Amino acid sequence: MSSLSGKIQEVFNEPGCGKNQAKGAKERKKGCTKQLQPGAAAGGCAFDGAKIALQPITDVAHLVHGPIACEGNSWDNRGAKSSGPLIYRTGFTTDINETDVVFGGEKRLFKSIKEILDKYDPPAVFVYQTCVTALIGDDIEAVCKAATQKFGKPIIPVNAPGFVGNKNLGNKLAGEALLDHVIGTQEPDYTTPYDINIIGEYNLAGELWQIKPLLDELGIRILACISGDARYHEVARSHRAKAAMMVCSKAMINISRKMEERYNIPFFEGSFYGISDMSDSLRQIAQLLVQQGAPDELLARTEALIQREEARVWKKLQPYKERLNGKRVLLITGGVKSWSVVAALQEIGIEIVGTSVKKSTKEDKDRIKELMGNDAHMFDDMTPREMYKMLKDAKAEIMLSGGRSQFIALKAKMPWLDINQERHHAYASYDGMVALVEEIDKALFNPIWEQVRLAAPWEKQSDTRDETLSYPHYSSLVATS
Amino acid sequence: MATVATSKKACSVNPLKMSQPIGAALAFMGLNNCMPVLHGSQGCTAFGLVLFVRHFREAIPLQTTAMNEVTTIMGGMENIEQALININTKAKPDIIGIASTGLTETKGDDVDGYLKLIHARHPELAKIPVVYISTPDYKDAFQDGWARAVTKMIEELVPTGPYPIKDDTRINVLPGSHITPGDLDELRDIFDAFGLTPVFLPDLSGSLDGHIPEDFSPTTLGGTTLADIRVMGGARLTIAIGEQMRPAADAMQSKTGVPSVVFDRLTGLEVNDRFIGMLAGISGRAVPNKFRRERSQLVDAMLDGHFSFGRKRIAIGAEPDLLWSLGSWLTEMGCTLTAAVTTTHSPMLEKLAVDEVLIGDLEDLEQRAQGCDLLLTHSHGRQMAQRLDIPFVRIGLPLFDRLGAAHRRMVGYRATRDLIFEIGNLFIANGHELTAPTQDATTHIGTVATHGAATVTFN
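Just so you know, the protein sequences line up as chains A and B, in that order. Heads up, the first sequence is in the numbering used here, so the first residue is 18 and it goes up one at a time. Heads up, the second sequence is in the numbering used here, so the first residue is 845 and it goes up one at a time.
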């Protein structure tokens, strides 16, 4: 455990994090994890975060060492897509029993690794530590080391038991596992001046595939995406990239910064959501590559592509602008998604009446302020009841959030759109923006809203909210009833 | 008669099983204005929450004591105290249900002791009943957690007699974890038709049936009220559904003296004859015409459907009571139970008409389901069904990739009839078109090539 607490301290000391640098030494030691309130907490644990960050590596076996809860209650529930291997969607767990708790689960873990290699032959196995096995002192690093030696395949310990902190910490500890055991362990067959890494992109709903064709067109090669639709060997060879883009806010800043430190791979933080952010990201990728030695002409080609794509996508968005102008959105999400989605929606005239900044960093918040002005309605910790009220009172006309809070909107009989990891639609890149706007439009103008808000004729109270909402067919519907 | 075996593998692949604490938490969700709490790390709650949200498509009340490394080692009393204070202030529940997890059980937290101390320190908290149940993740499975939670509710919340107000029309019903809100609605209608008033414990049909409340609530809305529970001792009879509920029925009987009967299932013709017959006896009313018609429709469906069901090879992965309900019924329809995998021990397992029941995972089921005509398991079977290329019926929990999980019905004549249609139609849709044997084919008459992966041989 001492090496784990050392790691956690190291992650907390992240020099790449501006928020962290502003703190005193003592405060920094406490870490950036907010103390959780028993009885008033929500959100996943560090193990959850580690799994989210690494499970998108599609050709390895992800083995959870712990009781059935950690994998049995949660497997196959995320939308990271694969262009090939499917073993990442197989649920592997040691499912430890009472005897293991008393006598230790290391033997079962070792045997489990062997069974997986015998039956499924993946290029590597990732072993996830959990609370119970950490508490009884199972040394997964030692087991993984022994297994690597015995079986001649990389067995990677991911030491992020749930009780050390929240999802964000788990993301970072997963990054540490890659830095310690995977990145730099293999060499690519060849390199080009156009090789980049994309860090913190999980290919949810296949979003990476909305971006890749544009990069392909520019001749830019994704040497590794960490970790969306990745293969083990791609991550292992990622240290030879010329530049990197960090996507998911601060979730994997440690990977980006340490790869810059160790392998001289400069990185920038960008987003694929929204038209201007997408263009900015392409520009910055090109600039970084040129700065690293790629021919200058890449810049002009990139500009040309940006102009063509922007013109194309604006034309596609034009019909929506009129319909959606002034629509009021409540945006409940964390981290990167807040500001990049804010920018994207504002581009088509949607008004953001509130956004949560619970998981956002100081930079994220500054960015939102910049975008929405000083009276930005940022909520640090909005309760479900407050969200419900905003919707019920029609202060917001649609909520964009993660799956867990969808019913707050739906029970208020208001439209809702999934923008979290379980979502089924891809919203990245230029066409992704069109998809997002189409989904919002589809949700807002669905004819069910008029119907579900009607009171039954034998009930006295009717839903008066509709008077404050402007739906095209509502008045005609009421007139005939 | 089946042999019951446990998988010998070290590594569980594609789990069928879910853990005890969330089974207990779901039981608490069937109490009105209740806040279920898992005593563990925040992740334990988050996983359970996401699972139920995806299954029921409802907001799920489930809190956590948010244990971390340090509090785990020091003991979780302060976290439980804080959780109770916060929940009391923010959610104002009528009742709080706490289930332990692997984490706090490994440490060995004495939660009963903590609760005594906390209540002594905070008299205002002592007014809200707290039901605590020990449910380590590394033992048993989901249905055990549910059953234990219900037993504990009875032990703690049902007062011991004597009961001055006896009500001969009131029936206590203790449904197993496999009984859906839709099933409970069906049962309520059946009781109603006999002039009987059921009190379900727990009652997910009130809380997780998909109704639209007038205001937002952080706790459960609907479900069994404390007032309902307090008069359960005055009922005529307790009916438990599913063998898992026998201990709960026994607890009720020994505490209140109300006699109890266990129905190991309510899917199929003969079991429902017994059930309806019993209700007629208790109520002293003739069986209403509606059930005579439903029974007749079921008999007709059996006649129409048996052509499709006979000798079909079935693979089921489910918790013991659900496996028993569907496995027994399919056997009664003429199917051959070929593969049966379950999650935990139960006296019903060895009574199944199959060679072996394995306590294992979906990898085990996949191996045994090769060449079967039908696969029944929860939504996690979707990958396997695709690989095996056989028809797949989603049963149990979680059902996250289909609508209406809460309203799937399996109990009573009507639901049994509809199951024949649903499954029979799948058999028909997947029936193989006979093709004439070609001249040069090596196959002899009686063997036909099929368009699917399987080859059917007529003997």
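Calculated directly from the structure, the hints in this document are not laboratory data. Be careful, since some hints might not be right.
As the list claims (entries may be wrong) - Derived SDA-like pairs (lysine to any residue); straight-line CA-CA distance at most 25 Å:
1. Lys983/B / Glu115/A
2. Lys934/B / Gly419/A
3. Lys344/A / Phe396/A
4. Lys98/A / Lys934/B
Said to hold, decoys possible - Have a look at the derived ranges for each label pair, beta carbon to beta carbon:
5. Ser1098/B / Arg402/A: 51 to 57 Å
6. Ala1280/B / Leu103/A: 36 to 42 Å
7. Lys386/A / Glu999/B: 54 to 60 Å
8. Ala473/A / Gln1141/B: 28 to 34 Å
9. Arg965/B / Gln166/A: 49 to 55 Å
10. Asp1144/B / Pro464/A: 38 to 44 Å
11. Thr1041/B / Trp475/A: 47 to 53 Å
12. Asp954/B / Glu277/A: 27 to 33 Å
As the structure is a computational prediction, the values presented were derived from the model and not from experiment. Here a beta-carbon is modelled for each residue, glycine too, at the ideal position from N, C-alpha and C.
Hint-by-hint comparison with the structure:
Restraint check: the Cα-Cα separation between Lys983/B and Glu115/A comes to about 6 Å, which is no more than 25 Å; the hinted pair holds. For the hint linking Lys934/B to Gly419/A, the alpha-carbon distance of about 22 Å falls within 25 Å, and the restraint holds. The straight-line distance between the Cα atoms of Lys344/A and Phe396/A is roughly 20 Å, inside the 25 Å bound, and the hint therefore holds. With a CA separation close to 39 Å, the supplied pair Lys98/A and Lys934/B exceeds the 25 Å bound.
Checked against the given bound of 51 to 57 Å, the beta carbons of Ser1098/B and Arg402/A, roughly 42 Å apart, lie outside it. Checked against the given bound of 36 to 42 Å, the beta carbons of Ala1280/B and Leu103/A, roughly 38 Å apart, stay inside it. Taking 54 to 60 Å as the suggested C-beta distance range, the pair Lys386/A and Glu999/B conforms, at roughly 56 Å. As the Cβ distance of Ala473/A to Gln1141/B is approximately 31 Å, the hint placing it in 28 to 34 Å holds.
About 54 Å separates the C-beta atoms of Arg965/B and Gln166/A, a value consistent with the hinted range of 49 to 55 Å. As the Cβ distance of Asp1144/B to Pro464/A is approximately 40 Å, the hint placing it in 38 to 44 Å holds. Separated by about 25 Å at the C-beta atoms, Thr1041/B and Trp475/A break the suggested range of 47 to 53 Å. For Asp954/B and Glu277/A, the Cβ-Cβ distance of about 50 Å falls outside the hinted range of 27 to 33 Å, so the restraint is violated.
The structure does not agree with the numbered hints 4, 5, 11 and 12 stated previously, though it agrees with the rest.
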